[in-house]
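Engineer: Same order as they appear, the protein sequences are chains V and C. Going by my numbering, the first residue of the first sequence is number 159, and it counts up by one from there. Going by my numbering, the first residue of the second sequence is number 23, and it counts up by one from there.
Honestly, the hints are just simulated from the structure, not real lab data. Remember, it's a predicted structure, so these values are computed and weren't measured experimentally. Every residue gets a Cβ at the ideal spot worked out from N, C-alpha and C, and that includes glycine. Check before you lean on any hint, since a few could be wrong.
Straight-line Cα separation of at most 30 Å, DSS-like style, residue types lysine-lysine; simulated pairs [unchecked claim]:
1. V/Lys-301 to C/Lys-134
2. C/Lys-86 to C/Lys-120
3. C/Lys-120 to V/Lys-301
4. C/Lys-138 to C/Lys-66
A few chain V residues that face chain C, going by a derived Cβ cut-off under 7 Å, partial list only [claimed, not checked]:
5. Glu-187
6. Ala-295
7. Ala-297
8. Gly-300
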Amino acid sequence: MNRHQHDPSCDEALDLLEAYVDGDLSADEVARLRSHLEGCAACAAELELATRIQSELRALPELDCPPEVLEKVRRAGRGEVVPFVPRPRSMGLRIAAAAAMLTLTLGGGALFLRLQAQPDSPSPQEIAQATQEAKIALAYIGKVTRRTSTDLREDVLQKRLIEPAARGVSRSLGGTQQSEKEH
Amino acid sequence: MRKTTILATVLLVLASSAAGWAQKLTDQPGYVPLGQLDLFPQDKLSVEINIEGALLSLIAAGAKQSEPEFSSLIAGLKGITVQAIPLKGVDESMVRTKIGRTVHWLEDRGWKSTMKVRDQGEETYIYLKEVDGKIAGLTLLTLSPGDEAVVINIVGRIDPAQIGRLSQSLNLPHLKQVPAPAPGKKPEKLEKPE
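Based on the provided sequences and hints, a complete structural model is requested.
Structural biologist: Pasting the structure below:
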């Protein structure tokens, strides 16, 4: 009784099955299909399968669509332009992105400046010459301080730089205390 | 969120380090623009020394084993500038005026006088630039009548006592006689005065 593969009426019946399950067929089509299904076990099995699939699909839980998506769909359906609104990102990610950009910019700029400033590495002769020159600079300081009988020592600094500054601070503090007393 | 904050902090630190790395000599607080101040006529200079940047690091690295104190001093520096002019055949009063002008320039910008000597026409000034309690620059100006005028600007992390010790151990006339080393050879070690 398996007419399913070769019977043209089976093809027509199978085309109608989905609409039948959905209840979308006219009374004539329903009558014709039922008449075929009574005599065709293969198409009847197809109907049973389609019915089972539909009932199992209906048994699945319904998911709620986010209202903003529904609104967009509705507006799109009405032919309105729906603007793209990006999802808000966390503040931390924004800071990290900004810091990364800053690092790249400054790092790249620093590298560029370095490369611009020092196109060539100095040769050993240049380093030796510069070493001598650095010593000449120090020797000049030595010569001057020897000539003036002074020395760049901590005690000289203490006497000439730190103590006067400290005296200046004490004077202003003393002045403040004095004026407070007067009040 | 916490990871992101840490990442952002690290990146910001790296960014500020990069900015510091790129800082030019002219941006350093201890830098004095001797060229702009037009202190000495450039065509009359007998000594002109300009050392900065990577060259100082290389000098420090080269002297690390043989002269550790000199190496540690140089390692903290960003720049050394020396200009010297013989006063024979030069308008000495003009040089004196320009030194006075430079002294005012330094004082206007917060440099502190460490030494001022005026004796029989000779003038010597040493100024230090202090930033956050640390010395970031040293400028020495000196004029010896009939001899020469010298200006020195040392920029960077400075320990004046260390400079004092090292400068006393170096002899200028001897240094002038030291020949430049032959290619590939190490420079001769300087004799220290007794």
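Engineer: Between the alpha carbons of V/Lys-301 and C/Lys-134, is the straight-line distance 30 Å or under?
Structural biologist: Roughly 21 Å between the alpha carbons, so the hint for V/Lys-301 and C/Lys-134 holds.
Engineer: Classify the hint on V/Ala-295 as holds or violated, based on whether any CB of chain C lies nearer than 7 Å to its CB.
Structural biologist: V/Ala-295 check passes; min Cβ-Cβ to chain C is 5 Å, inside 7 Å.
Engineer: Hinted pair, alpha-carbon criterion (30 Å max): C/Lys-120, V/Lys-301. Please report holds or violated.
Structural biologist: Holds, because 22 Å separates the two Cα atoms, which is no more than 30 Å.
Engineer: Hey, C/Lys-86 versus C/Lys-120, does the alpha-carbon distance stay inside 30 Å?
Structural biologist: violated (38 Å)
Engineer: Next pair to validate is C/Lys-138 with C/Lys-66; report whether the Cα-Cα distance is within 30 Å.
Structural biologist: Judged against 30 Å, a Cα distance of about 26 Å means the pair holds.
Engineer: Please check whether V/Glu-187 passes as an interface residue: C-beta within 7 Å of a C-beta belonging to chain C.
Structural biologist: violated (62 Å)
Engineer: Does the closest beta carbon of chain C sit nearer than 7 Å to the beta carbon of V/Ala-297?
Structural biologist: holds (4 Å)
Engineer: Would you settle whether the hint for V/Gly-300 is holds or violated, based on the nearest Cβ-Cβ distance to chain C being less than 7 Å?
Structural biologist: holds (3 Å)
Going down the numbered hints, you'll see the structure goes against 2 and 5, while the others check out.
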